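Protein chains: 2
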Amino acid sequence: MTKTAIIAGTGVLPGILADRLDETNTPYVIAELEGFAMENPKGRPVERFIVERLALLFDRFDDLGVEQVIFAGAVSRPAIDPERIDPKTATLLPVLLPAFQQGDDALLRAVIALFEDAGFSVVGVDSVAPELVPGEGVLTTAQPSQDDKADADRAAKVVAGIGALDVGQGAVVAQGLCLAIETLPGTAAMLRWVAEVAKTCRANPNGAKGVFFKAPKPGQERRIDLPAIGPDTVVQADAADLAGIVIEAGGVMLLDPEATIAEANSRGLFIWARTP
Amino acid sequence: MTKTAIIAGTGVLPGILADRLDETNTPYVIAELEGFAMENPKGRPVERFIVERLALLFDRFDDLGVEQVIFAGAVSRPAIDPERIDPKTATLLPVLLPAFQQGDDALLRAVIALFEDAGFSVVGVDSVAPELVPGEGVLTTAQPSQDDKADADRAAKVVAGIGALDVGQGAVVAQGLCLAIETLPGTAAMLRWVAEVAKTCRANPNGAKGVFFKAPKPGQERRIDLPAIGPDTVVQADAADLAGIVIEAGGVMLLDPEATIAEANSRGLFIWARTP
Chain A
1 MTKTAIIAGT
11 GVLPGILADR
21 LDETNTPYVI
31 AELEGFAMEN
41 PKGRPVERFI
51 VERLALLFDR
61 FDDLGVEQVI
71 FAGAVSRPAI
81 DPERIDPKTA
91 TLLPVLLPAF
101 QQGDDALLRA
111 VIALFEDAGF
121 SVVGVDSVAP
131 ELVPGEGVLT
141 TAQPSQDDKA
151 DADRAAKVVA
161 GIGALDVGQG
171 AVVAQGLCLA
181 IETLPGTAAM
191 LRWVAEVAKT
201 CRANPNGAKG
211 VFFKAPKPGQ
221 ERRIDLPAIG
231 PDTVVQADAA
241 DLAGIVIEAG
251 GVMLLDPEAT
261 IAEANSRGLF
271 IWARTP
Chain B
1 MTKTAIIAGT
11 GVLPGILADR
21 LDETNTPYVI
31 AELEGFAMEN
41 PKGRPVERFI
51 VERLALLFDR
61 FDDLGVEQVI
71 FAGAVSRPAI
81 DPERIDPKTA
91 TLLPVLLPAF
101 QQGDDALLRA
111 VIALFEDAGF
121 SVVGVDSVAP
131 ELVPGEGVLT
141 TAQPSQDDKA
151 DADRAAKVVA
161 GIGALDVGQG
171 AVVAQGLCLA
181 IETLPGTAAM
191 LRWVAEVAKT
201 CRANPNGAKG
211 VFFKAPKPGQ
221 ERRIDLPAIG
231 PDTVVQADAA
241 DLAGIVIEAG
251 GVMLLDPEAT
261 IAEANSRGLF
271 IWARTP
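The listed protein sequences derive, respectively, from chains A and B. Numbering follows full-length UniProt numbering, in which position 89 of the first sequence is assigned residue number 89; successive positions increment by one, without gaps. Numbering follows full-length UniProt numbering, in which position 207 of the second sequence is assigned residue number 207; successive positions increment by one, without gaps.
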C-alpha cells in the first residue's frame, strides 16, 4: 500500500480521510499546519509543521517512507516569521513568497509544485476515497423532475458565470429564477436567507421548489479545496423548501456520504451528481 | 414644448416625472396600464389603457397631439384576453405576441418598436429629467477613499459579470471581497442581509467598510427600466455599515435626488456616479 501523508487543515475532512485509509489498511501519517488544528475526535497522532520549515517536513516524510500526499481541510494564508525560517526552506522561498502575493489558486498550485519537486505525488480526495466524490447519478430515492433539471441547467450557467469572478461556488434557482448566489458568508448563510426571505419570491407558490447547485470553479485545482456538502447542507436546503441538491459530478465532495444521503431520503430531497 | 405621454406603471416614478414636466411647463398626458396603478398623490388625471386595445391608445395620442412617449414605473407581463382585442390592435399581434414569449428585454424592445412605428418617438428619463440620471461625479459631501474606489472597481466587474446571466444589477464589496450579489428579491433584501449577516464577514473589522454598487445590465435598453436608488437605499446601505453607494454614471436613476443626497449627507455616506 502506498504510504500516504494527509496534510491537514481545520474541519472534519482530515479525520474522515484517516477513517477511510484505516478501512483500506493504507498506512498514513497526518501532518497538521500549526494554527489550523483539525477536528480529531479519535485523538490520532499528528506531526505538526510550519511553513517556515517546510523543507524539514519533506525530510521527515522521506524518513517515514511517505510516497504521496493529500491535502485535506481548510487553511488561510499563514503569516511567515522570518526568524523561524531554516536554511533549507530558505531555498524554497524564491518560489513560495511570490505565490503568497497572488490569488488562492496560484498559491495552491505553487504549494503542490513544491511537494512534487520534493518527490511526492500529490493526489486528490477521489484517489484515496472515491466514494466521497460521487460521479454522475441520483444518489437518493427522490428523483429530480423535468422542472428541477431545468433549474439545475440554469443554476449551472449562473455558477459557471460567477466562477470566473471568484465570488462563490453555489446558487439557488427555482422556476428558472435565481433566488440567491453564494458569496463570502458561504452556503449555510445563503440557504438560511432563502429560508427566511427569498423562498416567498417564487413566481408560482405551487410550482417547482427549486434546487441548490454547487460546483467547483472552472479550472479549479481539484487536488485541493473541492467544495463539499454534508448532512447539514441537506437540512438547510430542506429549510429553504428546495426540491433537492445538485452537485457537479466528480467535482464536489460528500463529507459523510451515508449520513448525507440518509438525511436527504428521510426528508424527501434528491441529491443529483450532474455531469456538466 | 413637445407634448409628452407618460406610459405609467406602478411606483412613484410616473408622479415624479409629471412633477418635473410641470416645472418645465411641458404639456403631458399620463396613460396607465390597467392593473398597474401608479402612485398618484396629486390625483392627476390618467388615461387608462389595455394591451388588447393598444392601437386605440395610439389613436387617442394622435388626437391629443402627443409626439413623444416615456415609459415610467413597473409593470409585469399582463395576461391578454382575446375577447377584448379590437380589430386594429389585432394587426399588431404578429409583432406583439411572439415578443411575449421572449425575455423582458426582447419584449421591451418590441413594445418600443410598436410605439415608434405608430409615429411616436420613445425617449428615456434622462431626456425629460436629466437631473434624475446623474453623470460622472460625487454627489455628496463624503468622498470615496482609494479603498472604496478599489471596492467599486471589483463590484463593477462582478455586476458586469452577472449582467449577462440576467440575475441582478447590484453587489456589495468590502475590502475586495464580494459580500452579496443582488438576485430576484432585490436591493432592499440584499442590503438587509448584509446588515444582519454578512457585515461581520469583513476581513478586517477596522478596514474599509465597503460599497453598494448598482448598474444597468450590459446592453440594457436604457429608455425603459433603468435601475434606481432613493432615500431608502441610503438608509439600507447605512444599516449595512457601508461607506457609500456607487452607481453607473448615466445608467442609474435617483428617484428623488434632493432627498437621496440629503439622506446620504446626514449619514456621512457618499454617492458616486462612476464612469464605467
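One or more of the hints may lead you astray.
Heads up, the list lumps identical chains together, so a pair's fine if it works in one copy or across two of them.
In silico SDA-like pairs for lysine to any residue, Cα to Cα no more than 25 Å straight-line [as the list claims (entries may be wrong)]:
(1) K42 - D104
(2) K3 - L108
(3) K149 - L93
(4) K42 - D81
(5) K157 - G43
(6) K149 - D104
(7) K149 - Q102
(8) K157 - L184
(9) K157 - Q101
(10) K42 - R267
(11) K42 - F100
(12) K157 - Q220
(13) K157 - A189
Derived by calculation from the structure, the hints in this document are not laboratory data. Nothing here was measured: the structure is a model prediction, and the numbers come from that model.
Right, here's what the structure says about each hint:
no.	hint	in the structure
1	K42 - D104	neither (31 Å within a copy, 57 Å between copies)
2	K3 - L108	within (22 Å within a copy, 64 Å between copies)
3	K149 - L93	neither (48 Å within a copy, 33 Å between copies)
4	K42 - D81	neither (32 Å within a copy, 69 Å between copies)
5	K157 - G43	neither (43 Å within a copy, 46 Å between copies)
6	K149 - D104	between (32 Å within a copy, 23 Å between copies)
7	K149 - Q102	between (37 Å within a copy, 21 Å between copies)
8	K157 - L184	both (20 Å within a copy, 16 Å between copies)
9	K157 - Q101	between (30 Å within a copy, 21 Å between copies)
10	K42 - R267	neither (30 Å within a copy, 53 Å between copies)
11	K42 - F100	neither (33 Å within a copy, 62 Å between copies)
12	K157 - Q220	both (16 Å within a copy, 20 Å between copies)
13	K157 - A189	both (22 Å within a copy, 23 Å between copies)
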